[in-house]
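The listed protein sequences correspond, in order, to chains A and B. Going left to right, the first sequence walks through residues 1 to 384 as the working numbering numbers them. Going left to right, the second sequence walks through residues 385 to 481 as the working numbering numbers them.
For the record, the hints were derived by calculation from the structure and aren't laboratory data. Bear in mind that the values here come from a model prediction, so they are computed numbers and not experimental data. We put the beta carbon where it would ideally sit given N, CA and C, even for glycine. Each statement offered as a hint is correct.
Sample of chain B residues with no beta-carbon within 12 Å of chain A, all distances over it, derived: (1) Arg440; (2) Glu441; (3) Glu468; (4) Ser472.
Simulated coverage check for chain A against chain B, where a stretch passes if three residues somewhere in it have a Cβ under 8 Å from a Cβ of chain B: (5) 13 to 21; (6) 27 to 41.
Now the in silico label distances, taken between C-beta atoms and shown as ranges: (7) A:Ile72 - B:Glu467: 41 to 47 Å; (8) B:Ile444 - A:Ser60: 22 to 28 Å; (9) B:Lys439 - A:Ser60: 26 to 32 Å; (10) A:Ile87 - B:Glu428: 44 to 50 Å; (11) B:Glu467 - A:Arg51: 33 to 39 Å; (12) A:Gly137 - B:Glu465: 53 to 59 Å; (13) A:Leu95 - B:Glu468: 54 to 60 Å; (14) B:Glu456 - A:Ile304: 46 to 52 Å; (15) A:Val161 - B:Glu465: 49 to 55 Å.
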Amino acid sequence: MKLYYFIFGYLNVLISGEERAEAVTALLRRGLTGKISENGILRVPFFKRKRYENALKNISHTTVRSGGLPVILLNNKRRYGIISGLILLAAIYVLTSFFVWDIRITGNEKISDTIILDELSDVGFETGNTWRSLSLGEVEGRLLEVSENIGWININRRGNVAYVTVKEKAIYKPSEEKAAFSNVVASCDAVIEEITVRSGVACVKVGDTVKAGELLISGIIPNELGGGFVGADGDVFGRVAKDITVEIERNETVMAYGEEKLYKASIKIFKLPINIFKKYGKLDNSCAIIEDVKECTLFGKYRIPIVLERLYVTEKTEVQKNYTDAELMSIASLRLAELRFIRLAEAELMKIRTDGEFTERGYRMTSYVTVLENIGETRSFTDE
Amino acid sequence: MTQKKKKEKTPISHKGVLPGFRIEADGRGNFLSVTFIGIASIKEFSNTEINLLTKRELLIVCGKKLEISVFENKTVQIQGEIEEIKFSSAKETRRNR
Chain A
1 MKLYYFIFGY LNVLISGEER AEAVTALLRR GLTGKISENG ILRVPFFKRK
51 RYENALKNIS HTTVRSGGLP VILLNNKRRY GIISGLILLA AIYVLTSFFV
101 WDIRITGNEK ISDTIILDEL SDVGFETGNT WRSLSLGEVE GRLLEVSENI
151 GWININRRGN VAYVTVKEKA IYKPSEEKAA FSNVVASCDA VIEEITVRSG
201 VACVKVGDTV KAGELLISGI IPNELGGGFV GADGDVFGRV AKDITVEIER
251 NETVMAYGEE KLYKASIKIF KLPINIFKKY GKLDNSCAII EDVKECTLFG
301 KYRIPIVLER LYVTEKTEVQ KNYTDAELMS IASLRLAELR FIRLAEAELM
351 KIRTDGEFTE RGYRMTSYVT VLENIGETRS FTDE
Chain B
385 MTQKKKKEKT PISHKGVLPG FRIEADGRGN FLSVTFIGIA SIKEFSNTEI
435 NLLTKRELLI VCGKKLEISV FENKTVQIQG EIEEIKFSSA KETRRNR
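Take the sequences, apply the hints, and build the full model.
Below, the structure is given as structure tokens:
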């Protein structure tokens with residue numbers, strides 16, 4: 001009851017001793033509720049004070065005290081700033097408590113937060129959603145049905161933040177189906193560095209030089225070892241020499257971009273966009289559009305549901321580029337490095353030598369590499 | 385011409401209230417809380433004595449530190465160190481006076 005009186009306000013009315021009985025009778029007859037304490041104080045709800053005044057008009061009484069939120073607001077009614085600020089604050093708090101402010105994810109090791117957030121968004125759960133429109137149990141169920149990455153999920157709400165705990169699916173790769181009877185042959189020319197046989201009979205040893213297609217592990221078991229046919233299996237690592245080449249032409253058509261100009265800026269609070277700036281006009285194919293999205297955070301750690309989106313426009317034109325010698329060498333070097341990274345992703349680099357030469361058309365750069373890689377390739381008997 | 389019926393404000397109806405009274409005691413040691421239903425008016429009210437009138441009876445509640453709460457439907461609750469509750473007919477009381 002104390003909270004009720006604080007929120008809705010009250011007046012403490014003192015009734016003199018002789019008239020207390022009359023006061024109680026007056027309240028009784030009018031259907032009003034109230035309590036008169038031993039010292040004659042009647043507590044009257046603030047919003048009903050007029051009714052009580054009417055009931056007690058023939059009885060002498062004095063207001064000794066008033067309190068509660070409405071009374072405070074009434075006493076400070078000229079302080080418009082404070083009142084409107086308080087009301088605005090209360091309204092903002094109440095409204096924002098309807099929405100999901102942030103989603104925090106724990107339990108993921110290999111899968112990034114971004115992927116999990118995208119999957120949650122696909123099943124209709126993201127910052128800016130209203131809590132009322134969500135059933136957390138349903139979201140969990142739907143995500144488990146459609147996700148290829150998550151094996152278990154639990155979503156808890158604390159305040160306006162959703163705490164999501166996940167367990168990733170253990171990825172099981174069944175061994176590739178092998179032909180019942182097969183051999184392992186060399187995929188390229190190499191010098192054998194290491195050989196591990198899991199099934200079959202080794203036909204080469206460390207140090208041997210093999211050609212592409214040569215038998216490395218046989219699926220035919222000799223009679224002295226029991227005889228029969230198997231699917232040969234094993235790892236054969238060989239030292240392989242490779243060339244990786246790039247050629248850059250001196251005259252090339254490239255895309256040139258002009259200065260970036262701001263085309264549109266908006267702030268999204270929860271999901272509500274507020275446009276700050278927009279330049280009107282048509283965008284055509286001669287323009288490139290760059291989108292810059294920044295999420296706001298508190299102390300660089302906690303996301304808040306305010307996103308700044310900016311759209312930039314830049315003119316693009318095709319330009320005939322005539323490279324100088326230095327530019328040719330620089331571009332060739334960069335492209336060659338990219339190509340090496342891709343081609344040698346699963347190999348161990350042992351030796352590298354890079355050469356370049358100017359040609360009629362431009363510049364050619366070649367890397368001569370020696371790598372250690374698995375050269376074994378399964379080939380079934382029927383393929384041969 | 386159709387006549388418009390005016391809605392008359394009817395006073396608060398007490399028809400639903402049972403005649404007579406009921407006592408419900410909620411005792412916590414020395415402190416009692418007694419509820420009376422069907423009270424028409426209060427004749428006297430002080431810290432030591434409260435006189436309640438129903439249609440036919442007069443109830444006298446004696447004690448110390450008495451407080452009174454009024455509820456809807458002619459319900460009154462008295463709290464305090466209640467020592468005595470006396471009943472007498474309202475007619476007799478009027479005759480004695």
